[in-house]
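For chain G, the structure is supplied; the task is to place chain R on it using the hints.
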Amino acid sequence: MATKTTTQRLDVLKTYKIYIGGQFPRTESGRYYIPTNAAGEKLANVCLCSRKDFRDAVVAARNAFGGWSGRAAFNRSQILYRMAEMLEGRKAQFVDELMLQDASKAKAEKEVSLAVDRLIYYAGWCDKYQQLFSAVNPVASSHFNFSVPEPTGVVAIIAPQSDSLLGLVSVITQVIAGGNTCVVLASEKKPLCSVTFAEVLNSSDLPGGVVNILTGKPSELASWFVDHMDVNATIYCENNSDVKKMMQEKAAANVKRVFFYDKVHWDSEEGQSPYLIFDTQEIKTTWHPVENIAGAGGGY
Amino acid sequence: MPVKAKPASRAGKVAKKTMTPATKNNTLKLKFDTSWTYAPAPESKSAAIINKQYDLFIDGKWQKPLSKTFIDTINPATEEKLSEVAVANEADVNKAVVAARNAYEKVWKKIPAKERAKYIFRIARMVQEKARELSIIETLDGGKPIRESRDFDVPTAANHFFYYAGWADKLEYAFPNRKTAPLGVVGQIAPWNFPLLMAAWKIAPALATGNTVVFKPSKTTPLTALKLAEIIEEADLPPGVVNILSGVGSTGDAIVRHPDVNKIAFTGSTEVGKMIQRAIAGTEKKLTLELGGKAANIIFEDAPIDQAVEGVINGIFFNQGHVCCAGSRLYVQESIAKTVIRKLKDRLESLIVGDPLDKNTDIGAINSRQQLETILEYIEIGKKEGAEMYQSSCNLPKKGFFCKPTLFTNVAQSNRIAQEEIFGPVLAILTFRTDDEVIEKANNTPYGLSAGVWTDKGSKVFNMTKRLRAGVVWANTFNKFDPTSPFGGYKESGFGREGGLHGLLPYLSLKG
Numbered sequence: 001m002a003t004k005t006t007t008q009r010l011d012v013l014k015t016y017k018i019y020i021g022g023q024f025p026r027t028e029s030g031r032y033y034i035p036t037n038a039a040g041e042k043l044a045n046v047c048l049c050s051r052k053d054f055r056d057a058v059v060a061a062r063n064a065f066g067g068w069s070g071r072a073a074f075n076r077s078q079i080l081y082r083m084a085e086m087l088e089g090r091k092a093q094f095v096d097e098l099m100l101q102d103a104s105k106a107k108a109e110k111e112v113s114l115a116v117d118r119l120i121y122y123a124g125w126c127d128k129y130q131q132l133f134s135a136v137n138p139v140a141s142s143h144f145n146f147s148v149p150e151p152t153g154v155v156a157i158i159a160p161q162s163d164s165l166l167g168l169v170s171v172i173t174q175v176i177a178g179g180n181t182c183v184v185l186a187s188e189k190k191p192l193c194s195v196t197f198a199e200v201l202n203s204s205d206l207p208g209g210v211v212n213i214l215t216g217k218p219s220e221l222a223s224w225f226v227d228h229m230d231v232n233a234t235i236y237c238e239n240n241s242d243v244k245k246m247m248q249e250k251a252a253a254n255v256k257r258v259f260f261y262d263k264v265h266w267d268s269e270e271g272q273s274p275y276l277i278f279d280t281q282e283i284k285t286t287w288h289p290v291e292n293i294a295g296a297g298g299g300y
Numbered sequence: 301m302p303v304k305a306k307p308a309s310r311a312g313k314v315a316k317k318t319m320t321p322a323t324k325n326n327t328l329k330l331k332f333d334t335s336w337t338y339a340p341a342p343e344s345k346s347a348a349i350i351n352k353q354y355d356l357f358i359d360g361k362w363q364k365p366l367s368k369t370f371i372d373t374i375n376p377a378t379e380e381k382l383s384e385v386a387v388a389n390e391a392d393v394n395k396a397v398v399a400a401r402n403a404y405e406k407v408w409k410k411i412p413a414k415e416r417a418k419y420i421f422r423i424a425r426m427v428q429e430k431a432r433e434l435s436i437i438e439t440l441d442g443g444k445p446i447r448e449s450r451d452f453d454v455p456t457a458a459n460h461f462f463y464y465a466g467w468a469d470k471l472e473y474a475f476p477n478r479k480t481a482p483l484g485v486v487g488q489i490a491p492w493n494f495p496l497l498m499a500a501w502k503i504a505p506a507l508a509t510g511n512t513v514v515f516k517p518s519k520t521t522p523l524t525a526l527k528l529a530e531i532i533e534e535a536d537l538p539p540g541v542v543n544i545l546s547g548v549g550s551t552g553d554a555i556v557r558h559p560d561v562n563k564i565a566f567t568g569s570t571e572v573g574k575m576i577q578r579a580i581a582g583t584e585k586k587l588t589l590e591l592g593g594k595a596a597n598i599i600f601e602d603a604p605i606d607q608a609v610e611g612v613i614n615g616i617f618f619n620q621g622h623v624c625c626a627g628s629r630l631y632v633q634e635s636i637a638k639t640v641i642r643k644l645k646d647r648l649e650s651l652i653v654g655d656p657l658d659k660n661t662d663i664g665a666i667n668s669r670q671q672l673e674t675i676l677e678y679i680e681i682g683k684k685e686g687a688e689m690y691q692s693s694c695n696l697p698k699k700g701f702f703c704k705p706t707l708f709t710n711v712a713q714s715n716r717i718a719q720e721e722i723f724g725p726v727l728a729i730l731t732f733r734t735d736d737e738v739i740e741k742a743n744n745t746p747y748g749l750s751a752g753v754w755t756d757k758g759s760k761v762f763n764m765t766k767r768l769r770a771g772v773v774w775a776n777t778f779n780k781f782d783p784t785s786p787f788g789g790y791k792e793s794g795f796g797r798e799g800g801l802h803g804l805l806p807y808l809s810l811k812g
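Protein chains in written order, with this note's numbering: chain G, 1 to 300; chain R, 301 to 812.
None of these hints come from the bench; they were simulated from the model. The structure presented is a predicted model; accordingly, all values stated were derived computationally and were not measured. Here a beta-carbon is modelled for each residue, glycine too, at the ideal position from N, C-alpha and C. One should not assume that every hint holds.
Partner residues aside, some chain G positions facing chain R, computed with beta carbon under 8 Å [said to hold, decoys possible]:
1. V139
2. S141
3. S203
4. P207
5. E249
Next up, chain G with everything else stripped away, as it sits in the complex:
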C-alpha cells in the first residue's frame, strides 16, 4: 500500500500494530480500517481497536503504575531523555510517515524536531515540578506539615487528530513525566506515527505498560475512556461539545478528573508547561508532630 512498485526489488510493507503492556499485538477484535491520505492512497490496514483492547490496556497501565510512580524522578528523567534520543535517531522514518499523511517536507521535519524537543523539555521537568508545586506549610500547632504533588494514576487520553505526532508526544509526555501511566488513542486519520512512536518507546527503557497506544475510532471508544472505573483521569483534545458533555457526565461515575486540551497549540511554547504536568497531579499533605520540650522558642 502506498508504495511504488519497482522492477528491482519489492518493498517490505510494515504491519501496523498496537502497543499494550510493552507488547505489540494486533487488536483482539481482528478488525481493521484503512485510512487514506488526501491523494486517496491507502495508508495501511490499521487496527480498529475494541473496548476489550482498551480494558487490556488499562490493566497493563494499572500494573505499571506502582513501579513507574515509585521510580526516582531522576530515573524517569533519564528515560524521557532516552526517548528523545531514540526519536532523534529515527527522524527520517517519521518525516516519511508524516509526508505520506499529507505534510510537506518542511512541516514534517519541523514537527519531528519539535517532538524531540518536547521530550527533552519534559525530561528536564521530571525532577523539578515537585519543587515548584510543593509547600512546607507553617501550621500553628507543633507539627511538621508539607504538601507534595503525586500522580493521579491511570490516565486515558484521546490524542489530537491533527499534530498526529507532536500532539501525541506532548500529551503522553506531560502525563508520564508526572509519574502517571496512560492509555492513548491515536489520531484516527493519521495513525502511522503513533505506532512507530510505540517502537521508539519500546527501545527507550520505558517499562512496558507505562504508555499503551491504541488505534481506532474515537466515536467508538470515547465513552469507554470515561466509563472505566479504574481510570483516574481522562484527557480529550478535540473540540466536539457533544463528546465533551458525554465525557463530563460519565466521568462522575468514579469522580474522574477530565481535561480538555482543544485550545492548546501544541506547536508553540504554550503547548508545554509544568502546569500541564500539574493537571494530572494530586496534592498530598502529610502531618507529623514535633516534640516540643520546654515550650516554644527554646534556644540551642
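Frame of chain G; chain R shown alone:
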C-alpha cells in the same frame, strides 16, 4: 491490674473481699465504679442572640424569600425549635446570582487587592469578637460539644479568614510565570458537620482571589452562616459580594444549574458530588468537590500504643464521627491487636456522652434524626454481617438524637461497615500482619481523603505516607487542620484543595 496477684499479706485479703463485680465487661482492665463523677458545667446561653426568624441575605440586605417559605431549625440535643429560616427557591437564587454578578463587575473586581484584603481581615476580627456567641450557636444548632466549637470550629474559621486575607494582594507570588484572574461568581454549598468552618473555608479564598459568592449552608445547620452574614453586613462588605441563602436541596440544585455561575464548590456526600459533576457537564463551570471518606488508621506494633489509642479515639469520635476524614477503619498489627482493643474499650467507657453545651462533654448529639437512623442502620448491618459490636455502657439522654460510641471487631475487609462511609461514632477494627498487606487493604476503597499511621520508626512513617493514596496523611497524629494546610481527596473523595497556597487555585484562572 494485679487482680490475680498472690495475696502475700492481709492487704491482699482485704482487696479480695472488697473487689466488686462492677467492671461492666470482663475484658476491661480499668474500673469505672469510683464515686468520681463530673458536676454539670453547662456553658451559658446568654452570650448568644438567635432571632425568631431569618430572611435571605442578598445584595447586602435581608430580604423576604420569594418562595414565602420558612423551615424550622432545631437543637438536635433537645429537639426544640431554635429559629426558622427562609428557604430560597430558584427565583431567590437568581436574585442572589444577579446581585453577585453586579457586585463582581461593578465593584469587587475594581477594588484594589489590598483593600479587598482589609475587608477579609475585618471579617476575621469580627468572627473573633463574636467567638463565644458563634460557638454557642454552633453547638445549639448542630449538636457538637461546646468544647469543640469553642476550641476548634470558631477559632479555626477566624484563622482561615486571616490567612486568606493576606493572600489577596500577593497572588502574583503564588503561581510562578502565570498571571491570575478571578473566575467571577462562585456558588458554594456547605455541609452540616462544620457549618461555620466550612463557610470560612469556602468564602475566604473566594473573596481573596477576587470572586463574588452565593453561599448556601446546610438545611439542618443554617444559623452560624446567617450570623456570619450579619458580620459581613457589619463589616460593610460591598452589597452583593457575599450572598447567603438558607434553603434545602433544591436551593443547592438551583445554584449548581444557574447559567451565570462560573464555579461550584461543594462539600458533602460523594453521591451528591457525583450528581453535581453530572449536572454541570457541558458547561464551562469549574468545580471543586470535597466528598466522603473511609480513612484507614494504621497502628504498627512498634507504635507508642497509648498515644495511638488516643489518636484513634479522636480520629473516630471527634464531632460524633461526623467528619469526612474520620479514621473509621482501624488496622491494627496482629501482635498488638488484643492490647489495643482492650485499651480502646477502656477509653470508650470513659467518654462522656450527653449535653453538647456541657464543657465536660466529649460526644454530643447526632446532627439530625435522619443521620441517627442511618447510623443505627449501619450498626444493625455490622451485626448482621457477623462483626462483634461493643458499645460504651453510658446512659443516653432521654430526649434528642444520641448514639453510643461503638466499635466493631472481627470485621472483614468486604463488610459494608468497612467499605461505606457511616458518618457517625462507629469504628470498624481490622488486623494485618505485614506492611504490604496493610497498604493493600487501606488503599482498597473508592475513597482517598485521609489516612493515619502510627509507628515509632521514621523510615516506616515515610514509606507508609508515600504509599497511602489519600490527600491528607497524619503520622502519629490525626484530625489536625490548619488554614495553611491544603485539604482534599484522591479518587472518589473529590478534587481540588481547600486551605493553603493550593487552596487558591480552584478560584483562579491562570494565564501565560
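>> Min Cβ distance, S141/G to chain R: is it shorter than 8 Å?
In response: holds (6 Å)
>> Given a cut of 8 Å on the nearest C-beta pair, is the interface hint for V139/G held or broken against chain R?
In response: Holds - the Cβ of V139/G comes within 8 Å of chain R, reaching about 4 Å at its closest.
> Do the numbers back the hint for P207/G, that is, is its least Cβ distance to chain R under 8 Å?
Replying inline: violated (18 Å)
> Per the CB criterion, is E249/G less than 8 Å away from chain R?
Replying inline: holds (4 Å)
> Against chain R, is S203/G within 8 Å by beta-carbon distance?
Replying inline: violated (31 Å)
When the structure is compared with the earlier hints, violations turn up for hints 3, 4 and for no others.
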